[in-house]
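There are 2 protein chains.
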Amino acid sequence: MTDTPDKQTTGTTAQNTGRDDRPMFNRVALVGLGLIGSSLAHVMRRENLAGHIAGATRSEATLKRAEELGLCDSYHLDAAEAVKDADLVFLNVPVGAMGTVAEHIAPALKKGAILTDVGSVKGAVIRDVSPHVPEGVHFIPGHPIAGTEQSGPDAGFAELFENRWCILVPLENTDDEALARLKRFWQAAGANVDTMTAEHHDLVLGITSHLPHLIAYNIVLTAADLEEVTESEVIKYSAGGFRDFTRLAASDPVMWRDVFLNNREAVLELLGRFMEDLHVLQRAIRWGEGDKLHELFKRSRRIRREIIEAGQDTPAPGFGRR
Amino acid sequence: MTDTPDKQTTGTTAQNTGRDDRPMFNRVALVGLGLIGSSLAHVMRRENLAGHIAGATRSEATLKRAEELGLCDSYHLDAAEAVKDADLVFLNVPVGAMGTVAEHIAPALKKGAILTDVGSVKGAVIRDVSPHVPEGVHFIPGHPIAGTEQSGPDAGFAELFENRWCILVPLENTDDEALARLKRFWQAAGANVDTMTAEHHDLVLGITSHLPHLIAYNIVLTAADLEEVTESEVIKYSAGGFRDFTRLAASDPVMWRDVFLNNREAVLELLGRFMEDLHVLQRAIRWGEGDKLHELFKRSRRIRREIIEAGQDTPAPGFGRR
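From first to last, the protein sequence lines are chains A and B.
FYI, the numbering for the first sequence is 1 to 322, going by my numbering.
FYI, the numbering for the second sequence is 1 to 322, going by my numbering.
Because the hints were derived from the structure by calculation, they are not lab data.
Fair warning: this is a prediction, and the values are worked out from it, not measured in the lab.
Incorrect hints may appear among the rest.
For identical chains, the list gives no copy identity; a pair is met inside one copy or between any two copies.
[What the hints assert, rightly or not] With a Cα cut of at most 35 angstroms, we get these calculated DSBU-like pairs of lysine-lysine:
#1 K292 / K110
#2 K64 / K298
#3 K292 / K84
#4 K64 / K292
Pulled out of the complex, with its shape left as it was, chain A reads as follows (with noise of 0.2 angstroms):
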């Protein structure tokens, strides 16, 4: 699906064609105004790819916030009002929240809307927000894999999603139209496109993503419980290795708990087959095996350098944070 060539669609929406200064879309809401939700709002002003953002979140404070930053053209408490007459509507809040928020907003959302979401996890949200998307609205579930350890409507940039990859879940019954449209808006927000089922995106992001944040916060809580060494040295010396950690297990606490409550399958599989080989390396180290070890670091020696290959990563060593 995802190399359906584009098609000028003729309706009254606008379009960015390139050859006029009409938006994409007249209409955008954003349900949620946290990092991806601050990002997504400059990156459309940036690329002009909506006539007018409604910002919505249910925080007084974090809403008073947006509109200090001048994030969005209009401002709402509450999500129903932010997504009537929207084109489109992007569900930016913890998966765990999507059934709520979507079953809230369901009777004002315009038919021919798109409603989409950005959440970590697909199947849950899926689950949940599905059964409440009313006829004539075109639910895409999507995924943009890019983020920063920062949350909140300070945190937003508009190159978060530039190189980085969206993943677009297409259900069973998606227009393809609607799928092209959605598709254009990410491509236009600098991210490359793929398409794939949700439970492979579950057990792709729990492998990068899921599985490394619950690594991290691991860590970080074993350093923490350590009475022989004192958290002022944990601190002092974590340039070796530690520090990186850090920075995942420094990530917003609620979406991550929506996340592994509601990708347990995946993550359970995962972390069991992560403990199996840690016995491995357990094991190569109390017996002594040299040889073992040095044969298992030399290989992942070069996934570094894929990653870098694929512009995934910066080539500078420390992340280039020197």
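Since the structure of chain A is already known, use the hints to place chain B on it.
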């Protein structure tokens, strides 16, 4: 011991007193010209710490490259030649090679010289090197907590030690004056200096460096071995968190093999605790204990902030690599 006021020595070796342009040491030998050795060469040039830098490595290719880069003043395949007449000798070789190298250079060491190392394990280095140290030579084990995932003579740069910690491990009979001189050297190289026992060093580094590397190697191997997710998918979507681990897992395989073989007890003890903690998270996920996960994840956020406040990592999101 770190609080001993610096004294001006009146010996034959020049001191970098700030009052003249004499180098801090007349002749410094670098045995091993990888990341740390070449960085030492760069910073010694910049700060005028050595009248003559003698570089040694048993690899002809590395020695040739060091010469092309102009890292040293003389180049030696035989480390015993390099250390002759040196006032300060650095052993910059993998931990498992320290004993052999020490035995080889011992007869060539000058009386009064300081012999130090930069190995990531201190107990094993003391065990392997001490028996070979001649009477009158000051052996002071050391470890700069600095590095990148790159290795070899091209990887070094003068700023590597800037605001990083260098741990010195004075032995029972360590001469105060020699310790003060080595401390001044590291401070001139940009580092902060701490002293502690070898046993404590090996535990502190076990949690802040060795365990993080082991975990990083392990998750990369787990990902590479999955059948349901291709390696190309792991690479494409690595920005979800996985890529952070690949940096540590790209570190020198020989160096790290030697670390694990030589800090076995501390690493196995810490690994046991890490797995215990991981089982707690595993169970919380299996039983859907959201409150517990949330509490644990909130705790680990604070440590990141403290590392940044201590100047041990950048506050920029994503390590500033956008």
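Against the structure, the hints come out as follows:
Taking the closest pair of Cα atoms, K292 and K110 never come within 35 angstroms of each other, the shortest separation being 61 angstroms inside a single copy and 39 angstroms across copies. Only between protomers do K64 and K298 lie at most 35 angstroms apart by alpha-carbon distance; the minimum there is 25 angstroms, versus 51 angstroms within a single protomer. In the homo-oligomer, the alpha carbons of K292 and K84 never lie at most 35 angstroms apart, since the shortest distance is 61 angstroms inside one protomer and 37 angstroms across protomers. For the homomeric pair K64 and K292, the shortest alpha-carbon distance between copies (31 angstroms) is at most 35 angstroms, but the shortest distance inside one copy (57 angstroms) is not.
Checked against the numbered hints given earlier, the structure breaks hints 1, 3 and satisfies all the rest.
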